Amino acid sequence: MLLLIIKKEILAALRNVRLQIAGIFLIALMLVAVLLGRQGQQLIHKEREKAQSAMYDIWVNQGMKHPHSAAHFGQFAFKPKPVLSFLDVGLDNYTGTSVFLEAHKQNEILFSAAQDSNAMIRFGEMTMALVLQILLPLLIIFLTFNIFSKEREEGTLKLIYAQGLSMRQLFMAKVWATYVMVLAIFIPVICIAYFLLDYQSVSMDPNIGLKFIGLTITYALYFLVFVLLSVLISAFAKKSSISLLSLLGLWIVACIILPKATANLADKAYPTPSQFEFRNTIREKVKNGIDGHNPRDERLNALKQKVLDQYEVSSVEELPVNWSGIAMQAGEEYTDKIYDREFTRVENIFKKQNRLSEWVGFINPYLAIRHLSMAFAGTDFDHHTAFARAAENYRRAFVKKMNKDMELNHTPGIAYGDYNVGKEMWSSIKPFAYQLPDLTSILSKQWRSVAALVTWLLGLFFIASIFSNSISKI
Amino acid sequence: MLRTINLTKKYGTHTALNNLNLSVQAGEIFCLLGANGAGKTTTINLFMNFIQATSGQVFINDLEVAQQAQATKKHLAYIPENLNLYGNLTGLENLQFFAGLGGEKPKKEVASQLLKSVGLQSEAINKRVKQYSKGMRQKVGIAIAKAKQADNLLLDEPTSGLDPQASNDFAQLLREMRENKVAILMATHDLFRAKETGTHIGIMKEGDLVHTLKSDEIKLNELEQLYLETMKTESHATANN
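Going line by line, the protein sequences match chains A and B. Using the working numbering, you'd call the opening residue of the first sequence number 1 and step up by one each time. Using the working numbering, you'd call the opening residue of the second sequence number 1001 and step up by one each time.
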């Protein structure tokens, strides 16, 4: 019986010219989004890989110089373009793409796509995610808004009921029929996307297959939520026009108004400091100490005394090691400590904002899918901070190596300009290589969104099982 | 067999059906006559369990509808007043679909034969229903009802909007079903068709079944007279109110 209804619904939809056009348009849109997205992802990834390699060559071939000068000469870290970012570009257009790594300073990640684009980017790039999250639900609305009300208006609902079918059976049959149609549009395109995965970049993106499956399942669940919700509204709406207006209203609230309102609310509830405030706080704390009672001069004098005592000498000139190297590394470590505290503080504010948005996923499934989609695609905030931390750790490691060399090998008495090292030293620093977080890490951070989506599904099935038998037949 | 005991349906203070006691045996066609709002469709809707009774009981083959709604459907076929069917499906596909829901989906050949047997032209069978006239849709409805082979049939204004030829064909089909021992309850405005097709006639007024007659015991002009007088009384009652 279920199959009979599914077959009938699909046949009727296939013979509906308006739905045919909408379906073909959506498939074409998804294919274009996938193909262009994939092309763009590969291009950007190759460009960044090339740039990373070129910058490393420049580092290795910088010639003979003092290690501290090399630490200031610095290196660049380029954010790799995640393999699945062609499906969901997420925050990638707004977060930077590369960071200059040098001694003493934690630079910002610069050069976001949004900086180089016109205002249209604010409306979102045409990606598979945009089509799946916003436009496909619209198709679901057009497929379902009169799925019950039209039957009621045309008297076929009475006839179906007269054949001995319960309203609950009919409700579920219509849900699965619509869902099959949605999957018939979604699955072929997502399969094409799978075959287009950039396997050359997979090494930096672990569990890519599982992430892709996770992304696919998540979207499939999201569509089921929308189908259930739409069929429920159609089932209880007195007229098709009321059903359509209610569903479109819900779509506008869920996909446009609520996400903006949530972002504004999160910003008001957890305000973030400006870039200037952030930098200024670090500068002040480096100068005056973390608690304001331990200024730089005092810290340096205390360290000097400790080193002199350790080597049992009375002046830095008598030290067997380079005092400047020790002082610089100590300065680095102190700055790192302050930076870590401040970075974590700001990161926590952003996390709180994101958490708030994730909790709103229990009210709005669109937000749940948005968070999950970006997370699986590797383009969310957590992935950005993971890259920022990886780049900062790399900076610390190479600056430390320069300082250590200076401490041990630039013996006192030799002028700064007379101590130089070369290619062997530069090559000992391995090129920057970054791996995206794995699936476990993603799921552990995104449990709220997963729970929100599952709650929506269970809740809607529960409501349907209780109320579907009371759907009016007349 | 179709039966009601003290069946009442109220909408707030308005009584749509008042204490209806009705029985339609196998091989009988009971035609319910009455003005709009007399309670004819309410009676059909209660048999179909589309609405719940305020009090009283409805039985189909001794199964109480309120208790065993789904089970009663096995014994019941139904043709609504405005049968639009699915416009994007052909007559054949509509029949196969509805008959499939009611039991076993008939094969193409069987379904085609059934449609022809109710008078649908061969060339129309594979046309989409949106191109059908009301009479043609009604014929598909009858085919759906026949395919179910139920022993009870409910009809809500089945001949409204049909041309005389289609209406006559329809009456002939009902007579055939009556011969096959189907109990038929038909709500209609058509006095002529009720007299000509029905075995029993009931006249309803403001929720009450005022008269019950055997159609072979009354002439058409007498039925018309009785009907008009009943309606007049109704008018007077309304006027007095």
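Heads up, a few of these hints could be off.
What the hints assert, rightly or not - Listed next, the in silico EDC-like pairs over lysine to aspartate or glutamate satisfying Cα-Cα at most 20 Å (straight line): (1) K351(A) / D340(A); (2) K105(A) / E333(A); (3) K1127(B) / E154(A); (4) K239(A) / E1157(B); (5) K1116(B) / E1176(B); (6) K473(A) / E1104(B); (7) K1134(B) / E298(A); (8) K401(A) / E424(A); (9) K1219(B) / E1206(B); (10) K1181(B) / D1216(B); (11) K1134(B) / E154(A); (12) K7(A) / E1081(B); (13) K1130(B) / E347(A); (14) K150(A) / E1081(B); (15) K1130(B) / D340(A); (16) K473(A) / E1081(B); (17) K304(A) / E333(A); (18) K285(A) / E318(A).
To be clear, the hints were calculated from the coordinates, so they are not data collected in a lab. The model shown is predicted, which means the values in this text are computed figures rather than measured ones.
Now for the hints, and whether the structure bears them out:
For the proposed pair K351(A) and D340(A), the alpha carbon gap of about 15 Å is at most 20 Å, so the pair holds. For a cut-off of 20 Å, the pair hint linking K105(A) to E333(A) stands: about 11 Å separates their Cα positions. In summary, the hint linking K1127(B) to E154(A) is supported, as the alpha carbons are separated by about 19 Å, within the 20 Å threshold. Restraint check for K239(A) and E1157(B): the C-alpha separation of about 23 Å exceeds 20 Å, so the hint is violated.
Only pairs whose Cα atoms come within 20 Å are accepted, and K1116(B) paired with E1176(B) is accepted, the gap being roughly 15 Å. Between K473(A) and E1104(B), the direct Cα distance comes to roughly 23 Å. Violation of the 20 Å bound is thereby established for this hinted pair. Among the hinted pairs, K1134(B) with E298(A) is inconsistent with the structure: their alpha-carbon atoms are about 99 Å apart, more than 20 Å. Annotation: proposed proximity of K401(A) to E424(A) holds, straight-line Cα distance about 13 Å (limit 20 Å).
At most 20 Å may separate the alpha-carbon atoms for a hinted pair to count; K1219(B) and E1206(B) exceed this at roughly 25 Å. For the hint linking K1181(B) to D1216(B), the alpha-carbon distance of about 18 Å falls within 20 Å, and the restraint holds. Straight-line distance between C-alpha atoms of K1134(B) and E154(A) comes to about 13 Å, which keeps the hinted pair within the 20 Å bound. Restraint check for K7(A) and E1081(B): not satisfied, since their Cα atoms lie roughly 27 Å apart, outside the 20 Å limit.
Under the criterion of a C-alpha separation no larger than 20 Å, the hint pairing K1130(B) with E347(A) is inconsistent with the structure, at around 62 Å. A distance of roughly 16 Å separates the Cα atoms of K150(A) and E1081(B); the hinted pair therefore holds under the 20 Å criterion. At roughly 71 Å between alpha-carbon atoms, K1130(B) and D340(A) are farther apart than 20 Å, so this suggested pair is violated. With a C-alpha separation of about 14 Å, the suggested pairing of K473(A) with E1081(B) holds against the 20 Å cut-off.
Restraint check for K304(A) and E333(A): the C-alpha separation of about 15 Å stays at or below 20 Å, so the hint holds. Between the alpha carbons of K285(A) and E318(A) the distance comes to roughly 32 Å, so the proposed pair goes past 20 Å and is violated.
In summary, the structure is inconsistent with hints 4, 6, 7, 9, 12, 13, 15, 18 from the numbered list given earlier, while agreeing with the others.
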